[in-house]
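J.: Chains A and B, in that order, give the protein sequences. Sequential numbering from 1 applies to the first sequence in the working numbering. Sequential numbering from 1 applies to the second sequence in the working numbering.
Take these hints with a grain of salt, some might be off.
BS3-like cross-link-like pairs, simulated, lysine-lysine; straight-line CA separation at most 27 Å [claimed, not checked]:
#1 A/263 x A/29
#2 A/208 x A/177
#3 A/128 x B/122
#4 A/104 x A/130
#5 A/107 x A/130
#6 A/321 x A/342
#7 A/167 x A/177
#8 A/12 x A/177
#9 A/321 x A/276
#10 A/263 x A/342
#11 A/208 x B/65
#12 A/12 x B/65
#13 A/130 x A/167
#14 A/342 x A/358
#15 B/122 x A/101
#16 A/104 x B/61
#17 A/20 x B/65
#18 A/358 x A/208
#19 A/112 x A/101
#20 A/130 x B/122
#21 A/358 x A/20
#22 A/130 x A/112
#23 A/12 x B/61
#24 A/321 x A/358
#25 A/29 x A/321
#26 A/321 x A/20
#27 A/130 x B/61
Calculated from the structure, these hints are not laboratory results.
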Amino acid sequence: MAQVMMKDLNKKYDEVHAVKDVNLHIRDKEFVVLVGPSGCGKSTTLRMVAGLEEITAGEITIGDRVVNDLPPKDRDIAMVFQNYALYPHMTVYDNMAFGLKMRKFPKPEIAKRVGEAAEILGIQELLKRKPRQLSGGQRQRVAVGRAIVRHPQVFLFDEPLSNLDAKLRVQMRVELKRLHERLETTAIYVTHDQVEAMTLGDRVVVMKDGWIQQVGEPLELYGRPANRFVAGFIGSPAMNFVEVTVADANGALWADTPGLRVKVPPASAGRLGPYKGQRVTLGIRPEDLRIATGADGADYSFDTVVEVVEPLGSEILLDLKAGPNVMVARVDPTVRVKHQDKMRLSLHPERVHFFDNKTELAI
Amino acid sequence: MAGMLGTSIFVTYLVPPTLLFIPLADIIRDFQLGNTPWALILTYPTFLIPFSTWLLMGYFKTIPKELEECARIDGATRFGAMTRIIFPIAVPGILSAGIFAFTLSWNEFIYALIFLSSPERKTVPVGVVSELIRGDIYFWGQLMAGALLGSIPVALVYSFFVEYYVTGLTGSVKG
Chain A
1 MAQVMMKDLN KKYDEVHAVK DVNLHIRDKE FVVLVGPSGC GKSTTLRMVA GLEEITAGEI
61 TIGDRVVNDL PPKDRDIAMV FQNYALYPHM TVYDNMAFGL KMRKFPKPEI AKRVGEAAEI
121 LGIQELLKRK PRQLSGGQRQ RVAVGRAIVR HPQVFLFDEP LSNLDAKLRV QMRVELKRLH
181 ERLETTAIYV THDQVEAMTL GDRVVVMKDG WIQQVGEPLE LYGRPANRFV AGFIGSPAMN
241 FVEVTVADAN GALWADTPGL RVKVPPASAG RLGPYKGQRV TLGIRPEDLR IATGADGADY
301 SFDTVVEVVE PLGSEILLDL KAGPNVMVAR VDPTVRVKHQ DKMRLSLHPE RVHFFDNKTE
361 LAI
Chain B
1 MAGMLGTSIF VTYLVPPTLL FIPLADIIRD FQLGNTPWAL ILTYPTFLIP FSTWLLMGYF
61 KTIPKELEEC ARIDGATRFG AMTRIIFPIA VPGILSAGIF AFTLSWNEFI YALIFLSSPE
121 RKTVPVGVVS ELIRGDIYFW GQLMAGALLG SIPVALVYSF FVEYYVTGLT GSVKG
């Protein structure tokens with residue numbers, strides 16, 4: 001059990017600056033997910049914690065030890081790789097026992113720990129098999145088992161579910177979460193899948209181009225994204241963005257663009273004041289758009305034309321056009337609409353986001 | 001860096017023995033190793049090492065580097081990860097390199113022809129040709145028998161290790 005601290009962490013390859021000034025305090029027993037598009041530096045950060053990449057500058061502390069110069073074997077960590085990295089010439093039992101054997105544990109203790117881990121993961125019958133005789137999901141379990149037998153201070157996961165098919169991925173996701181609740185070990189998990197990030201993480205770290213964009217609890221990231229990148233990255237389908245001009249009329253601020261004119265909600269009006277007459281980006285999530293009813297005021301409603309209807313069973317996604325602006329709305333599955341239908345939508349005034357066009361930061 | 005090393009090793013393999021035997025003959029004479037097995041033991045590596053290195057480089061590239069990394073996290077040193085994880089996985093590749101090295105040495109002609117002179121020391125390919133053909137007289141029976149006997153060891157080696165040999169060439173480590 002340990003906390004992990006990263007202080008001004010930097011990684012430079014010859015020409016690429018892969019990780020830039022990462023500061024992160026991962027608390028004891030916390031499950032932290034690093035998420036971002038490929039090449040954002042999340043895997044490099046994890047590999048620096050593991051000791052597989054040298055640290056260009058900065059400091060990593062695990063527990064109360066600075067580990068910068070410790071080899072991976074002395075860091076008391078366990079890692080699960082995307083391709084599982086099971087030793088192909090060993091049985092499942094030997095794979096799981098390898099780390100303990102290297103640390104010279106007595107045989108009965110090894111047998112006990114491997115037995116426990118196998119029971120937790122439901123792989124007791126597989127212990128005598130070789131990795132090539134296992135299915136993808138079973139290999140994944142063995143890889144996780146190999147990590148947990150060691151009772152390490154920190155678990156590191158490098159996209160462990162990416163090689164599984166969609167159904168198995170959802171199942172393993174739940175199992176990993178359950179496992180973490182049971183073992184209560186600090187875990188750092190890298191993924192490019194924002195659904196995995198949201199569902200697994202106590203806290204989520206969004207990265208892009210080597211920079212941390214935002215650190216927060218999943219719903220905090222979703223509800224109050226710090227910038228346009230986080231807003232667009234978290235959530236599926238992604239947030240709708242429309243460039244608007246902040247206009248002053250009738251004593252109130254309006255977000256105005258051809259095809260769309262809505263009042264700036266009172267909550268945002270104060271902060272948008274300095275942007276009067278300027279272009280900003282309005283962001284609204286698909287589920288915060290709804291079909292306007294008579295009760296909705298005209299201030300938050302606008303006309304659209306349906307371009308594509310995507311029925312998903314539990315909901316319908318509508319690709320719409322408000323003038324030249326493209327957006328997606330998530331509506332009730334009972335709604336009957338078809339291509340080219342005209343539709344009046346209304347947006348949820350408290351859930352409108354505004355972003356500065358230059359800095360892309362939330363206003 | 002590794003790529004350059006690989007290329008330079010491969011380039012040494014491209015120097016033909018028919019050219020290389022001239023300086024080598026000089027060295028063998030200086031050390032007075034002519035007509036001893038050492039003449040071949042010391043000269044064959046000039047083509048065997050580049051060839052095996054080049055063959056094994058390709059094979060080692062197919063072994064995922066995560067295996068080594070995982071072993072290092074599991075508690076092994078770099079060297080330990082190599083001996084306990086990478087070498088056992090590389091056995092098919094090492095065996096095929098060995099088989100190839102054996103075949104190449106067994107069939108080698110020019111160095112054996114130049115560095116060995118007494119009939120009882122000659123290797124089979126050289127001996128068959130130089131001892132069983134006298135001028136324009138061919139001892140056909142002995143020639144054929146010699147050729148057959150000479151091919152038996154190679155055939156045996158291949159048939160015993162054919163499975164390893166195939167995976168060594170196709171080089172697949174799955175799972």
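J.: Checked against the structure, which of the hints given earlier come out wrong?
T.: The structure breaks hints 1, 3, 8, 14, 15, 16, 20, 25 and 26; every other hint is satisfied.
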